[in-house]
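Taken in order, these protein sequences are the chains called L and S.
Position one of the first sequence corresponds to residue 2 (our numbering), numbered consecutively onward.
Position one of the second sequence corresponds to residue 2 (our numbering), numbered consecutively onward.
Read the hints as simulated data drawn from the structure, not as lab findings.
Bear in mind the structure is a predicted one, so any value in this text is a computation, not a measurement.
Hints may contain errors.
Each pair may be met inside one copy or between any two copies, as identical chains are not told apart.
[As the list claims (entries may be wrong)] For lysine-lysine, the following BS3-like pairs were computed, each having C-alpha atoms within a straight-line distance of at most 25 Å:
hint, residue 1, residue 2
1, 458, 70
2, 516, 686
3, 33, 516
4, 33, 455
5, 565, 219
6, 401, 611
7, 351, 611
8, 565, 686
9, 661, 562
10, 277, 441
Number of protein chains: 2
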Amino acid sequence: MHSGNQHYIVARPAYTERSFKEQNQQVERYHKTAADHLRMYFRCSTAKAKRIFSTFLPITSWLPTYNVKEWLLNDIVSGVSTGLVSVLQGLAFALLVSVPAGYGLYSAFFPVLTYFLLGTSKHLSVGPFPVVSLMVGTVVDRMVSDGDTGVNTTIFPADMSKEDRQVWVAASVTMLTGIFQLGLGLLQVGFIVIYLSDPMISGFTTAAAIHVLVSQLKFVLQLTVPGFSGPLAIIYTLKYIFSHIQETNIADLVISLVIMVVVFIVKEINDRFKSKLPVPIPIEVIMTIITTSVSYAFNFNQKYQVSIVGNLTSGYQAPLTPNTAVLQQSFGDAFSVAIVGFAVAFSVSKVYAIKHDYVIDGNQELVAFGISNIFCGAFRGFAASTALSRTAVQESTGGKTQVAGLISAVIVMIVTLAIGFLLAPLPTSVLGALVIINLKGMLMQFREIGVLWKKDKYDCLVWLIAFIAAVLLGLDIGLGVGVGVELLTVVFRTQFPQCSVLANISGTDIYRNRKDYVNIYEPEGVKIFRCPSPIFFANVEFLRTKLTEAIGFNPLRILRKRNKALRKIKKMLQKGELMITSKGYIHTTDGSNLNDSENEDSNSIDELDKAIDMKELPMRIDWKSPLPASIPVPSVETHSIVLDFAAVSFLDVSAMKGLKSILKEFVRIEIDIYIAACDNLILEKLERCGFFDDEITPDIFFLTIHDAMLCILDRHEPSNSLSFISDKVQGTKETLHSEGDLKKRECVTPGCSYFDDCI
Amino acid sequence: MHSGNQHYIVARPAYTERSFKEQNQQVERYHKTAADHLRMYFRCSTAKAKRIFSTFLPITSWLPTYNVKEWLLNDIVSGVSTGLVSVLQGLAFALLVSVPAGYGLYSAFFPVLTYFLLGTSKHLSVGPFPVVSLMVGTVVDRMVSDGDTGVNTTIFPADMSKEDRQVWVAASVTMLTGIFQLGLGLLQVGFIVIYLSDPMISGFTTAAAIHVLVSQLKFVLQLTVPGFSGPLAIIYTLKYIFSHIQETNIADLVISLVIMVVVFIVKEINDRFKSKLPVPIPIEVIMTIITTSVSYAFNFNQKYQVSIVGNLTSGYQAPLTPNTAVLQQSFGDAFSVAIVGFAVAFSVSKVYAIKHDYVIDGNQELVAFGISNIFCGAFRGFAASTALSRTAVQESTGGKTQVAGLISAVIVMIVTLAIGFLLAPLPTSVLGALVIINLKGMLMQFREIGVLWKKDKYDCLVWLIAFIAAVLLGLDIGLGVGVGVELLTVVFRTQFPQCSVLANISGTDIYRNRKDYVNIYEPEGVKIFRCPSPIFFANVEFLRTKLTEAIGFNPLRILRKRNKALRKIKKMLQKGELMITSKGYIHTTDGSNLNDSENEDSNSIDELDKAIDMKELPMRIDWKSPLPASIPVPSVETHSIVLDFAAVSFLDVSAMKGLKSILKEFVRIEIDIYIAACDNLILEKLERCGFFDDEITPDIFFLTIHDAMLCILDRHEPSNSLSFISDKVQGTKETLHSEGDLKKRECVTPGCSYFDDCI
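Modelling step: build the complete structure from the supplied sequences, incorporating the hints.
Structure, rendered in structure tokens:
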């Protein structure tokens, strides 16, 4: 018995797909129809109702099993730490939204409450996220401009303060964002985040970091910059800043620079001595406390005109209804915010879900964020997602469940209700500096360009285009462009496949690119062509061109020449200029009047494309031998073409049409087409679509290239001697040779039978 | 010697990709770099200069070889017939553009002159095309509205008549269209037409037919309908028509119905007796002459208020400059017109190029159409493309070259300059009726829905969405939506591939879906998983899920459990609770305190994901046998996974990252991964991108599934007896069996060597 050795020794019948199916018993399988799936989906049961209930209210499944003894202390510690970060980030990110800093605390409070009830992630810290905040801020700047452009003044009551307008716009956009997220969640389309590929997200967030950086310059330099919006807004903003650079407040600039340098250095220390420090130094909180005290002590605001946070709106305000005009004019922006906000939160929560081995439900997350944003917007907050850094704090300080999130919300609430006044002397430039220094990670993504360029040019292109579009055209359009380009790359990658002509590696059943190997075997008249990609509307013509190049002639041209020759022969037979004997044709005239009929047939050119019809002829014409009356027809050396379909993962309607016409052209000039290693699903589809007819039959499909090759050799070179036994398998060869008598053309398998019909 | 029979008998070493390369000499190939291609592209020579010259002025290559004796008569006959059709279509399609009928004659004249010089098609009849005319008409209606919306009045001089405004807008859009086409041609992007797939074009043109139909209703019913534009314009138009239906001019309606019925019947006769009629009956020309005479004789215009064509602008007018405001506001429309106009003309000319066996140059066609449209617009015509019916006339009446086109232009010129007044009494409802009756072919495309539904659901979806979007949102947006959806289908098709688990078909080297066949062989612990599509950002997670489902467990979870167990064992060894003897572990305590350390490690969860490190242990742990102190670790039956990559035609960066993490997870729990039939280009890419490291080596790549399987069997069941010799190959089996001694584990090939390093 020969197994367990490293020799590949196989003896089996050569198979076409059809003969293989006939000889191997198949299982009758019931394939579920769409109706079955629908029935499954809508079937009702108590268990299903319970499952749906706990899906829509995840807290009902985890809170009853809450392990108070072991988890509560952890959650409290984590919640307090996260709460401190939340307060600071809330204040800072509110500047990005162009609303007073205090509203950032609302965004760090309201969404957490609903997420606690509805969310499926245990470690996510819900709240403001710089990119999302900036995207909301773009809308605010567009709708509430500093100058009076006069267009948008009609959408607000005349007596409304600019601040209230800004808050109203931010809240309205946030609610619309929530509505989109809720809608997508209920439609169960949480999977759309898979369309945001890594290079696209990386390019997009890097561009967002540039936008955040530019938007914070005005706080660091303490300039009054009008809110530019639309494409190229960043260019106009930079132009404005540089033309007003002499108005910079030096005190603010110095404070910012000091903060940035100190925070940068301490963060580097935190990073380097990660393992040795029990907890990272909370340098941002420390610097905030120091600068607030110093600013209060030396009265920076009065003395140096340093802009300060001022009194935070104390307490909470009654909910408001969204501004319908804003809703109408911020459709695209809100959709982008909904997608980006969700995508960021989902990817962060997935990281921790994998780490701690629990399951995140994408659709439920969308619902949770949708309701959270509607709720938050109603209470004058702005769109929430998550900040990676804050979630990292929540997880690393030991948070076990969303109870930690709840505690952090309580801390934020305490600041809002009780101790907010302490933060009044904090300079806004400090917040700006803290935002800028936290961009380091996002800006470091520039290094990916080089890495991607080496790895994959298309992905690098996606990064660059997403980045440039998002920087120049704005984040909402940039996201659209990025997704579009990224999806296009899938088409590009398959559009110009590297086709190759294969040859047999001598002594084996292996076929490789003939240009790559020395020791190859290519039988006369056989071409093996590999299509290394799916075939669809955008590449079927390209493949046809490549195949024609590989074969070396245009089959349609040959067919027309042969049909013309045939017509002449028929005519000569009619006129008696040609005689037929048992040995072939005998030409009785000199053939000088052969070319006169060249032109009269021009209108019947369609007929030349039809299959060659020799029924009326007394004998078949052999196109390889010279024709009578020296009618010129180019001779064709190729008799068989094998198409390797192993990598063809799908065919669309255009491809089927194109493929059929290609195959027909070859079949009509008596070149046999063999298709090898085609996926069974594609074969089934071809049969279902009526691909096959008299000329193209399912018998052209072979299991492997080698099966097809054996069939070809059997047909064309039965006397030729060939060995597919490698010299490298010692001893085997000789024995197999002696088996010659056993294998002497006693072919009972139907493998190659279809060719007999053709002849 | 055994060849020429239908048995697949092969004996060769089992190969990994690496061993195969080592044992088969490869050719050193120089791959052209991007620099080489650039150098080729910019290399200069006289021949190249000549080629470029004749590329840009194709007439220089075909006119000198014009065969006056044989072709001129054909061209004249064809030109006159085509000219008559041109005149009628020009008048009719001008109504679609909302300009006076006479301007249609300009569109049938000017572009032909430039195309004669620049075009590469010999049979194309250049001139107005209904869909393109309608798209231009949409812009005209938007810019020049019947009511005074007040917005667009500023862009025209106050004293300009409505008619002149309409002509100016149409001419401006046409010039912009030409500029786009010329630009695309010079940028050599003629290939973009491949993105217009057949189902998309079919859905789009059907929608266009609906628009044309609705736009002609006002002429047939003789109603004054204001020009609606933008999304849902067709709904508003229909609403308006139905609410004013009582104002219908009965005389016009009757004339139209009579014309439609007669033309329809005669066209059916033409179709049915195609072969018997020498030329099709020119029913449209006949009906036009009859109705014009009758209208003149009975003075329809005065007696029945029938609207007539009236006096055509006699002669030609001086060229005009485009209206810059129109140019700015019709960017999107002009681009759509440019694409649609070119796509239609290109596809029609390709049909005849294939039929008559000559070559069409897509980029030169773009240049030719661009210049033609700029020229035509400058002389107050509207955008030209081709009408399929007119080109069919030109070709079927024997046209040989564009000289026929030139003759047809002369006919049009004669009508414009001399006999145009004869057409003055022609009722416009006749033209409307002729346009409508000619929509039959386009409207018949509705039948494609059913065909596509049966053949390919995705293509059917593309058809429907392109159709609905183009009907409801307008032709320009509809085209964009159609292209977008069509490109998305490429992603969809590969996104949720039908993965399958394969099994060996007994007695062969063939692997098929295990659910499909009865007589299969699946060795214990081996899973063969087939990825039937390229892997990229949108499906890598889906494949991971499918693979985990197929294998039946989550490798990461197993790894963590093992690492936890390992940690406990190390601790017990330290504490002396575990002893090691030559026979294994001996547990010395009762293990009651095993679970207390469960929680303390929660923060070092990252470590649990690392490779299992047994260096510090005095002996290796066998995970399959029960662990000491009954530490619970799930046992894993699978020892080898084969991934069939035959259909993986590309991998992007996200896929490489995802694949690597999947492979690592399996390797770390000591499951061997084998990748079979991977394309060599992908393998090269993986090597270039630093995919491989200590854990994942290039040795996991095998030539075929069977090679991998032989290696697995060698490793895990060397004593087991297996036969890959089919019973269906008579006689061979016994002989091969007797060869057992020769093949007895004298493995000298390096095929399987890498596993020795692992153990």
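query: Which hint numbers doesn't this structure obey?
result: Those not satisfied are hints 1, 5, 8.
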